[in-house]
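Trainee: Letter by letter, the chains look like this.
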Amino acid sequence: MTRPAIGMSFIEVMIACLILALAIIPIADFLGFVTRGTKEDKCETEAMQFACDLMDFILMKMPYDPGALNGSSSTLIRGSTDIRYFIEATPIPWNPVKSYDIKYHDPCGGGAEQHDLNADIFPIDERLETLDKEMVDQAGIPNPSANDFDLCDFKLVVEWKPTGVADENEFKRRPIVLYSRKARL
Amino acid sequence: MGWPARLRQGMAVPLVLLFCLVTFTFLFSMVSSRNRMRKQTLSTHTQKKAYYMAQGGIQQALLKLRLLHRKAYDAGAISRGVCPFLNPYENNVVSNANPDRATRKALDIFLSDLKSTSTSPDLSLRLTGGTYPIPNSGTTQWKYEVTEFNVDTYYMRSDGSVKEVAHIKAMGYAFDPRDLVPERRELVEKSVELTRKIK
Chain A
1 MTRPAIGMSF IEVMIACLIL ALAIIPIADF LGFVTRGTKE DKCETEAMQF ACDLMDFILM
61 KMPYDPGALN GSSSTLIRGS TDIRYFIEAT PIPWNPVKSY DIKYHDPCGG GAEQHDLNAD
121 IFPIDERLET LDKEMVDQAG IPNPSANDFD LCDFKLVVEW KPTGVADENE FKRRPIVLYS
181 RKARL
Chain B
1 MGWPARLRQG MAVPLVLLFC LVTFTFLFSM VSSRNRMRKQ TLSTHTQKKA YYMAQGGIQQ
61 ALLKLRLLHR KAYDAGAISR GVCPFLNPYE NNVVSNANPD RATRKALDIF LSDLKSTSTS
121 PDLSLRLTGG TYPIPNSGTT QWKYEVTEFN VDTYYMRSDG SVKEVAHIKA MGYAFDPRDL
181 VPERRELVEK SVELTRKIK
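Here the protein sequences come in this chain order: A and B.
Each step along the first sequence adds one to the number in this note's numbering, with nothing skipped, and position 2 is 2.
Each step along the second sequence adds one to the number in this note's numbering, with nothing skipped, and position 127 is 127.
Isolated chain A, as found in the complex (with noise of 0.2 angstroms):
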């Protein structure tokens, strides 16, 4: 008499085991990158936050200096995150910049306009080193020679890595570079 077949077999149950092992590699990459991910996204926008403040910063609160800021750096860690960041500025030579002359008639009675001034009106390159200083503000024009230029390049450069890895490789594989400008207004 036999005993009838009652639950798994070993041999199921060994099959099952290995089928389960097989899956559980790939699963666990899966897990793993997923996390990493995310880990590092956050990161990344820490770090960009970081750099939008520290632009706005740049841009509307600091006095124009850019002789100050040019090659400052400095480390620092933001939530998760650690960051090394760099500023470049570099001041733009002027350009003869584009304006025009209108040709003189006397005033128009209220105000106006009574003539046709498209034929009247003249495209010129106005040289600023030449302009009149009194038809500028007090603030005046600059110099090119004392390298006083009013108009300055800033490059941001922010590279991060998420706090705890230590490999300083890290800070070099994805920098934010933001650039901008600023005008001594």
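Just so you know, these hints were derived from the structure itself, not from any lab.
Don't take every hint at face value.
[Stated by the list, open to error] Taking lysine-lysine pairs in the DSS-like style, the calculated list, with each CA pair at most 27 angstroms apart, reads:
hint : chain 1 : residue 1 : chain 2 : residue 2
1    : B       : K197      : B       : K105
2    : A       : K39       : B       : K39
3    : A       : K98       : B       : K197
4    : B       : K105      : A       : K103
5    : B       : K197      : A       : K172
6    : B       : K105      : B       : K115
[Stated by the list, open to error] Covered stretches of chain A, as calculated for chain B (at least 3 residues, CB under 8 angstroms):
hint : segment
7    : 29-39
8    : 52-61
9    : 108-121
10   : 174-185
Backbone N, C-alpha and C define an ideal beta-carbon position, used for all residues, glycine too.
Please arrange chain B on chain A, whose structure you already have, making use of the hints.
Mentor: Showing chain B alone in chain A's frame:
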């Protein structure tokens, strides 16, 4: 208790396969959701870069207004049909404008060099140079231009000064090769008040 033994036979493998299928589906949806978020993050970051390019355009426009404020004021007056040679003082007031004689010619000339390519050297060369060159390619797609300079309001005050309220719009462009879009744009607006007063 539970299921009869004959039904439990041969269930281990299908159960494990079902578990694997469910887990893989769950993980796949996690990965695709992360990829969507990543694209969103990238586009937001490139948008921010475009915003700061546009801010650069606004700064250049404000600087030109500071240095050539009389020309800016006159160009605005002409665009409204107001005579640029009328000196507003005492009884010599600006009482009206003539829209039929309004022309944007002076404003368009004034605007024509308010763009990143007008400075020397071109902005794209400035981006790739220096101690920390931008590592991404496609820096020629980083640029800005002032697209509008309109005088919306023109009025005279009781103290004899004439005020123009002008709106400046600058468009900034930026590009990141990891972002699938060829370029991102951002528009920044700024209002300024130009005053003319005879002392």
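Trainee: Please list, smallest to largest, the hint numbers that this structure does not respect.
Mentor: 5
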